[in-house]
Amino acid sequence: MHNLAAITPLGGANAREDRIGGITIAEKPDRAMASLATRMGRDGDVAKAAKKLFGFALPEPGRMESKGDWAAFWTGPGQWMVTAPFVSHEDIAPIVKAGLGDAASITEQTDGWAQFDVDGSDVVDMLERLCPVPSRRMKAGDATRTSIEHLGCFVLCRVTGESFTVICPRSSAASMHHALSVAARSIA
Amino acid sequence: MIINHPLLGPRDSQEFTYLGDASLIDRPDWQAEDAVDRFYDYLYERENPAGEHRELWFHEQGDRSWLVVTRNTLTHEITNVELARDVARARGRGK
Amino acid sequence: MSQINRISGGQIDRAKSLNFTFDGKSYQGHPGDTLASALLANGVRLMGRSFKYHRPRGLLSSGSEEPNALVELRTGARQEPNTRATVAELFDGLEAKSQNRWPSLAFDAMGVNDKLSPFLAAGFYYKTFMWPKAFWEKLYEPIIRRAAGLGSLSMEVDPDTYDKGFLHCDLLIIGAGPAGLAAALTAGRAGADVILADEDFALGGRLNAETFTLGDASGADWASATVAELANLPNVRLMPRTTILGAFDHGIYGALERVSDHVAVPASGKPRQTLWRIYTKRSLLCAGATERPIAFDNNDRPGIMLAGSLRAFANRWAAVPDRQVAIFTNNDDGHRTATDLLAKGVRVAAVIDTRADAPRMADCELLAGAEVIDCKGRLGLTSITVRLAGGQTRQIACGALGVSGGWNPNVHLTCHQRGIPVWNEALAAFVPGTNPVGMSVAGAANGTFSTAAALATGAEGAVRSLADLGFKAKAADLPPAEDAPVNLSPFWYVKGASRAWIDQQNDVTVKDVKLAHQEGYRSVEHLKRYTTLGMATDQGKTANMGGLAIMAEMTGKSIPETGTTIFRPPYTPVPIAAFAGRSAGADFRPVRLTPSHVWAAEQGAVFVEVGMWKRAQWFPKPGETHWRQSVDREVLATRQSVGICDVTTLGKIDVQGTDAAEFLNRIYANAFGKLAVGKVRYGLMLREDGMVMDDGTTARLAEDHFVTTTTTANAVSVYRHMEFCRQCLWPDLDVQIISTTEAWAQLSVAGPNARKLLQKIVDAEHDISNEAFPYMACGEITVCGGLRARLFRISFSGELAYEIAVPTRYGDGLIRAMVEAGREFDAVVYGTEALGVMRIEKGHAAGNELNGTTTALNLGMGGMVSKKKDSIGSTLSEREGLTRDDALNLVGFRPVDRSRAFVAGSHFINKGDAANAANDQGYMTSVAYSPNLGHTVGLGFLKNGANRKGEILRAVNPVANEEVEVEVVSAHFVDPEGERLRA
Amino acid sequence: MHYSGFKVIKEALTGHKGWKPAWRDPEPQDRYDIVIIGGGGHGLATAYYLAKEFGKARIAVLEKGWIGGGNVGRNTTIIRSNYLLDGNEPFYEFSMKLWEGLEQDFNFNAMVSQRGVLNLCHTDAQRDAYRRRANAMRLNGVDSELLDAEGVRKMVPFLNFDSARFPIKGGLLQPRGGTVRHDAVAWGYARGADMRGVDIIQNCEVTGFRIENGKVTGVETSRGFIGAGKVGCAVAGSSGRVMAMAGINRLPIESHVLQAFVTEGLKPVIPGVITYGAGHFYVSQSDKGGLVFGGDIDGYNSYAQRGNLPVVEDVCEGGMSLMPMIGRARLLRMWGGIMDMSMDGSPIIDRTDTDGLYFNGGWCYGGFKATPASGWCFAHLLATDTPHDTAKAYRFDRFRKGLMIDEKGMGAQPNLH
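Residue numbers (this note's numbering), protein chains in the order written: chain A, -3 to 184; chain B, 8 to 102; chain C, -10 to 972; chain D, 264 to 680.
Some hints could be false.
To be verified - Pair by pair, the computed Cβ-Cβ distance ranges are:
1. C:Leu128 / D:Lys655: 52 to 58 Å
2. D:Ser267 / C:Thr872: 57 to 63 Å
3. D:Gln292 / C:Phe124: 46 to 52 Å
4. D:Lys655 / C:Ala123: 49 to 55 Å
5. B:Asn87 / C:Phe190: 43 to 49 Å
6. D:Gly281 / C:Leu128: 24 to 30 Å
7. C:Ala66 / B:Asn87: 48 to 54 Å
8. C:Leu128 / D:Arg513: 51 to 57 Å
9. D:Lys360 / C:Glu966: 37 to 43 Å
What the hints assert, rightly or not - With a straight-line Cα cutoff of 30 Å, these simulated DSS-like cross-link-like pairs (lysine-lysine) come out:
10. C:Lys663 / B:Lys102
11. D:Lys360 / C:Lys127
12. D:Lys664 / C:Lys127
13. A:Lys24 / A:Lys63
14. C:Lys603 / D:Lys360
15. D:Lys664 / C:Lys122
16. D:Lys664 / C:Lys41
17. C:Lys900 / D:Lys273
18. D:Lys530 / C:Lys14
19. D:Lys417 / C:Lys127
20. D:Lys360 / D:Lys280
21. D:Lys273 / C:Lys122
22. C:Lys122 / D:Lys478
23. D:Lys327 / C:Lys122
24. C:Lys122 / D:Lys530
25. C:Lys127 / D:Lys270
26. C:Lys41 / D:Lys655
27. C:Lys122 / D:Lys432
28. C:Lys503 / D:Lys283
29. C:Lys610 / D:Lys327
30. C:Lys546 / B:Lys102
31. C:Lys365 / D:Lys280
32. C:Lys104 / D:Lys478
33. D:Lys273 / D:Lys315
34. C:Lys546 / D:Lys327
35. D:Lys417 / C:Lys938
36. C:Lys41 / C:Lys259
37. C:Lys484 / D:Lys327
38. C:Lys259 / C:Lys86
39. D:Lys280 / C:Lys503
40. C:Lys900 / C:Lys856
These aren't lab readings, by the way, just hints derived from the structure by calculation. For every residue, glycine included, the Cβ atom is placed at its ideal position computed from N, Cα and C.
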């Protein structure tokens, strides 16, 4: 076991969680993530292998699927992000690679991103101050890439109208956290 | 503007980055006799129509697809949106 | 009671009083008041001064079209110039000042302009102030600029915040008058997602200003009952205090919500205003109409206002400018004002109607076929002069005059996509022509003026709009309402009038319009620009039609032949801060932080902006007082022992697939096919025009797996370019790319002791000796007891160097471990400044050299552009202009007198030549003080530089009046043979 | 009629009865020696100089709408000659010198106001690039100054020095840069040309070219055929449309929309022109008090003369980052113009392959400041068939030959220039 300590995207030893009005903003460094991109002409192989590895079919555009440890959301034609608990899947890329073989290109993405769970009954009021996608109309399992305050990010809907995850480039975690907090305060 | 993404539905054009005329797909043959002339024409000359224009947009804050958008430059009306990869293949581009 | 002109009734809460001041004097009003209504109630008619002639002015209107009553609202950093008193909602403690006057509103020294007005006719300034030439800037313009503008900025940073947001709806209803409310009821009950927006704080539009009944209820009561029902529908969003400011492409509307303008200070964390971008499937414009005045001599005196506004003040706000009023109209609607005011106990001296056959509608004297030709009362109206039908004149005492020239539909938003309104002869007004796609118009905005018609067309409009979307809506059941026709005889200005104001704020008079015609400025655009008609803060809402009508008369053409009045966004002016939202000041753009940021901040690093990144520029040590001391120390220590630098910011793109090598072959000028697994190669990327786009290293981790790096600045554009090549040029290549820039914390370790240091970090099973891991090797390793990592033996500094990458969360831990491990070598951590010094010493091109106009040939890398394969940019790089013999070459420079320094941006001039453009030999791109060499070193582009080594030139810097003799040398100042990096 | 202060006083005292139309409204003749298509700034200036400096007669300017209704009437009025490259700098300096004597020359006060143009820099690399440019200007005999952060603070203390996302490191100042009342430029040239016999024909849209044996013999218009010895095309954003009528279907030009903005009138706060180096924002204050500002083009091909919200917001964000004290100033009006964006960001003044047809275009969004020199150089080319010394580089074939004049180094992507 190596001896290097990890820090969170916001720079702390522990994940940060804030409650502003009815909204909770929680940093989530405990999810490992890898990208999966279908090799040319290997769609069928990918579908099969993915079903076997994850236990579900890779989701359609704009959607997210999950089962057990695994979740996946669509990111582009023939491309997905796959996530699993960090504690058990820190080496997520080789695990996925092993399952997909040469049918897909797998790239470790865990630390490329900062994940924030935003929850609360008025979370949509907050999100509509931040991003152009219609968060009010998003249903559980909807997942899309968009931008918030000039930052490219993914917005995933976990529970319709209540729970979302915002995933942004790790280096900008502080700016994203600031943007989320300001928006939460303005509706608090 | 709103670009009706073939896979994702309507999206704010602010999520996209614009390149220009879709003829940029038709990159000339480097081994042609008059390759320099062809490349010059390909890269520098534009029809610049006042009306229907096929153009390339990149869904930078989205799924990273390049799209070919058919848009009227007088009214900004968009009549067709295609994945550029499909258009490129249809125009005979491959490997 | 001090509110001497407060009458009975109205929609104000008399139980509560609000204190406010105007020009330092204290007054009281009530909730429901605007600043304008409260001032009127307090007997204040004089509220402002005009722009050019500084004429005393009062209210013209009761709404957002107001041209005259502009004030500086609030004080200190919240001071808000040019605020229309008519839309400023009264709050307790409100402070307002009049503007554009000195020393006081009642006595304004600049009022002398009014006396000089014959000399200040339209466009006078185009014809004079030209002699002597120097006087324009020294004398004339400073005087003009001193007189410029209306209100003033505080010059302080606004303490309030602004929000932005995005809304989506099926139907956006713009305006909550009778048409808008009927539409909202219809659409809301049908279950559609509806947004109903109105600029007013009270929804209801004219229903709140009129005495009509809707069924059994007053208009205002019906409006509030309807609003109450709508508020209970979850699919309807009511947005009072929200102006739809513009109609943009594809059904996108901009809206400004004034969240906190009705309170003294926004609540903690709340924005002052929110700018909404509303995505609509359909929209229904129910924006009502704006009344237009009739011009007559001195028609701008305080107390003269639009008749509809006069009755709005009386009915809604229970305020009148005076207890004795008169009405001047060319249409039936003007008479309503008389009726309503009489009902309120206000004396109506007469209704003057330009129509000879005017009906007698109000219970007061009617002067049919008569015209108001002049009036008295400089600071407030005292009387009007009426020319009776028979030609005789009559003086009528009054303190207020309501003027109605008819109503213009508020077509503004229909014009925002260059739709052109069409003329309606019966209304003598423009009505919507081509509307933006998805927009319909209802009610007065569409020229259907009666309340019944507004209700009906609003409901029908909603039904039709929703039918397009597949909703089967049923028109809401609507109460019976007045359905009076429009009876109007066009009348724009009183013949013979001269100083009769058309555009009150900008002081454009009838004679100015005539002068413009006389001088040939006859198109609407020329008229507008020459006279400034319609260019004031009200965008000519009450002025444009009058100007157009006079021009039509002058040219002998009809109004529609003469032109039309189109409007541009925004509908009403919008604070710049609102458009910026949260992206202001330090929050202008997001910040990107490096993995070692926390550690660097602990060390007291000085940070520098590199694109969005904040990078450590240098790490000052105690006792270092100048940045050069820190940087020199970092450079020397690195070259003498070892230095560590966070280089995470370089773009990293993962390239995989069976065709990955071929793909790289095509996007880089040099070849990649034969790069062995476990090796790294430098790559030069060209744009299709042959200019260098970017450079970086590419490591082959497996047959079908590469990691390529970009410069920090170009990471995004290179990735986009690669996607373009992959999807648009070679769609069948099997290659997948994805950015991994932030997934890995990457540290550079450079210097003779780099390996020794690394060996303490890299786990023992990985042999990184020079033999096992030579220059340009790469591999996947583990560090610190099993953490997966990547190691690249590449060098930017020219030293023995590596870049080591670990998952980003461990980057902080890694730099701490490296610093600890490096203690025995006196390792330093260096910043971007030392990095820059070392790369200049080594002669590596960077951003200053890759400026988008340099070719591989310019950089001395022409040989890298392979002619054996197709790659982006190779063909056009052969053009004659890019391959000239005297093309610029990147070379090094050192001062002949080593004690002298030169600067980047200097130009090269041959010795003995005059320093001018014709003799320009090139320019210096990058300069640093080399602590290793003890003198300044520079890189630069020099004509035919490759063949001019040893030549002495002058590096001239005329902007600082400096020049330094320099010698042309190799760009590789340090270790030109590359022995160190292979050590 | 000569304009003067004396004349203004005289007319004021006699009821302004003596003012005559600033230019005539003539019927088109059958034939002219030279026909200029486009009654914008460049077209009118070309006609003016053809008549005044090159002694040409029988000249017409054909305008499809009203003169001055295009970009000369919808820009942010900035003049400057702070260019880097040899292909550009002498030309823009020639223009600047013409501005400096323009009003006396054409007897119309265009309010040429040289209050300085200050370009801010926010990184060392930007400062180095500005120094190179400042020196290039000096080597061309043009005024330039390089300010450090303190110098900038002294000059414009109201900028955001304390909480800026991108701190101000200095600036490139051209003291002679400034602003001009844009409409007056069109009108002044029109009046001056008209006085010298040029026919300015408004509401006369060119609908086609008559080309015989490879030579232009005239143009078809909405008011009939008009014969011409030579035809000069100066139609900016409409270049593609007009040249296509002459069978030239492809040009190194794209038409894009540029938006500009003006606030309500405010008491003077901004001395000259200030441009932000870390965002898309530049601003000046007009003599009427409005802050006139703009930023980047919308970025997509357009002939619609209107833009969209993202750029409005982007520009205002830049403004609020640089000078937050303007926050409570209200944006009064926004408008869009069609920019003839060339492939290297620099213009074209050249002959075409069709004998007798000459082209002036590709001004990107810098055409206003170029108006006098563009007119003069185009007149030179039309009159002498040789390029003016300062406009020699503005050739069509420079792209084919690899002689681009790319100030920004953006390459063949017009929306980035």
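Quick rundown of the hints versus the structure:
1. For the pair Leu128 of chain C and Lys655 of chain D, the beta carbons lie near 40 Å from each other, so the given range of 52 to 58 Å is not met.
2. Hint check: Ser267 of chain D to Thr872 of chain C, Cβ distance near 58 Å, so the stated range 57 to 63 Å holds.
3. One distance hint, 46 to 52 Å for the beta-carbon pair Gln292 of chain D and Phe124 of chain C, is violated here, with the actual separation near 41 Å.
4. One distance hint, 49 to 55 Å for the beta-carbon pair Lys655 of chain D and Ala123 of chain C, is violated here, with the actual separation near 33 Å.
5. One distance hint, 43 to 49 Å for the beta-carbon pair Asn87 of chain B and Phe190 of chain C, holds here, with the actual separation near 45 Å.
6. Take Gly281 of chain D and Leu128 of chain C: their Cβ atoms lie about 27 Å apart, and the range 24 to 30 Å holds.
7. A beta carbon spacing of about 51 Å between Ala66 of chain C and Asn87 of chain B agrees with the range 48 to 54 Å that was offered as a hint.
8. The supplied range of 51 to 57 Å is met by Leu128 of chain C and Arg513 of chain D, whose beta-carbon atoms lie about 52 Å from each other.
9. Taking the beta carbon of each, Lys360 of chain D and Glu966 of chain C are about 53 Å apart, not inside 37 to 43 Å as hinted.
10. The straight-line distance between the Cα atoms of Lys663 of chain C and Lys102 of chain B is roughly 19 Å, inside the 30 Å bound, and the hint therefore holds.
11. A threshold of 30 Å between alpha carbons decides the hint, and for Lys360 of chain D with Lys127 of chain C the separation of about 19 Å falls inside it, so the pair holds.
12. Note on Lys664 of chain D and Lys127 of chain C: the hinted pairing is violated, with a Cα-Cα distance of about 48 Å set against a maximum of 30 Å.
13. Taken as a hint, the Lys24 of chain A and Lys63 of chain A pair is honoured in the structure, with Cα atoms around 19 Å apart against an allowance of 30 Å.
14. A distance of roughly 43 Å separates the Cα atoms of Lys603 of chain C and Lys360 of chain D; the hinted pair therefore is violated under the 30 Å criterion.
15. With a C-alpha separation of about 44 Å, the suggested pair Lys664 of chain D and Lys122 of chain C falls outside the 30 Å cut-off, and the hint is violated.
16. Straight-line distance between C-alpha atoms of Lys664 of chain D and Lys41 of chain C comes to about 56 Å, which puts the hinted pair past the 30 Å bound.
17. Restraint check for Lys900 of chain C and Lys273 of chain D: not satisfied, since their Cα atoms lie roughly 62 Å apart, outside the 30 Å limit.
18. For the hint linking Lys530 of chain D to Lys14 of chain C, the alpha-carbon distance of about 24 Å falls within 30 Å, and the restraint holds.
19. For the proposed pair Lys417 of chain D and Lys127 of chain C, the alpha carbon gap of about 21 Å is at most 30 Å, so the pair holds.
20. A C-alpha spacing of about 36 Å is found between Lys360 of chain D and Lys280 of chain D, which places the hinted pair above 30 Å, so the restraint is violated.
21. The straight-line distance between the Cα atoms of Lys273 of chain D and Lys122 of chain C is roughly 21 Å, inside the 30 Å bound, and the hint therefore holds.
22. Restraint check: the Cα-Cα separation between Lys122 of chain C and Lys478 of chain D comes to about 45 Å, which exceeds 30 Å; the hinted pair is violated.
23. As the CA atoms of Lys327 of chain D and Lys122 of chain C are separated by approximately 35 Å, the hinted pair breaks the 30 Å bound.
24. Using a Cα cut-off of 30 Å, the hinted pair Lys122 of chain C and Lys530 of chain D holds, with the two alpha carbons roughly 25 Å apart.
25. Among the hinted pairs, Lys127 of chain C with Lys270 of chain D is consistent with the structure: their alpha-carbon atoms are about 22 Å apart, no more than 30 Å.
26. In summary, the hint linking Lys41 of chain C to Lys655 of chain D is not supported, as the alpha carbons are separated by about 47 Å, beyond the 30 Å threshold.
27. Proximity of Lys122 of chain C to Lys432 of chain D is assessed by CA-CA distance (about 36 Å); at most 30 Å being required, the pair is judged violated.
28. For the suggested pair Lys503 of chain C and Lys283 of chain D, the alpha carbons sit about 12 Å apart, so the restraint of at most 30 Å is met.
29. Restraint check for Lys610 of chain C and Lys327 of chain D: the C-alpha separation of about 70 Å exceeds 30 Å, so the hint is violated.
30. For the given pair, Lys546 of chain C sits about 66 Å from Lys102 of chain B by alpha-carbon distance, which is inconsistent with the 30 Å threshold.
31. Straight-line distance between C-alpha atoms of Lys365 of chain C and Lys280 of chain D comes to about 28 Å, which keeps the hinted pair within the 30 Å bound.
32. A C-alpha spacing of about 61 Å is found between Lys104 of chain C and Lys478 of chain D, which places the hinted pair above 30 Å, so the restraint is violated.
33. For a cut-off of 30 Å, the pair hint linking Lys273 of chain D to Lys315 of chain D stands: about 29 Å separates their Cα positions.
34. Among the hinted pairs, Lys546 of chain C with Lys327 of chain D is consistent with the structure: their alpha-carbon atoms are about 20 Å apart, no more than 30 Å.
35. Our distance criterion of 30 Å between C-alpha atoms is broken by Lys417 of chain D and Lys938 of chain C, whose separation comes to about 43 Å.
36. Between the alpha carbons of Lys41 of chain C and Lys259 of chain C the distance comes to roughly 39 Å, so the proposed pair goes past 30 Å and is violated.
37. A distance of roughly 34 Å separates the Cα atoms of Lys484 of chain C and Lys327 of chain D; the hinted pair therefore is violated under the 30 Å criterion.
38. Straight-line distance between C-alpha atoms of Lys259 of chain C and Lys86 of chain C comes to about 26 Å, which keeps the hinted pair within the 30 Å bound.
39. Taking the CA atoms of Lys280 of chain D and Lys503 of chain C, the gap is about 11 Å. The hint holds against a cut of 30 Å.
40. Note on Lys900 of chain C and Lys856 of chain C: the hinted pairing is violated, with a Cα-Cα distance of about 39 Å set against a maximum of 30 Å.
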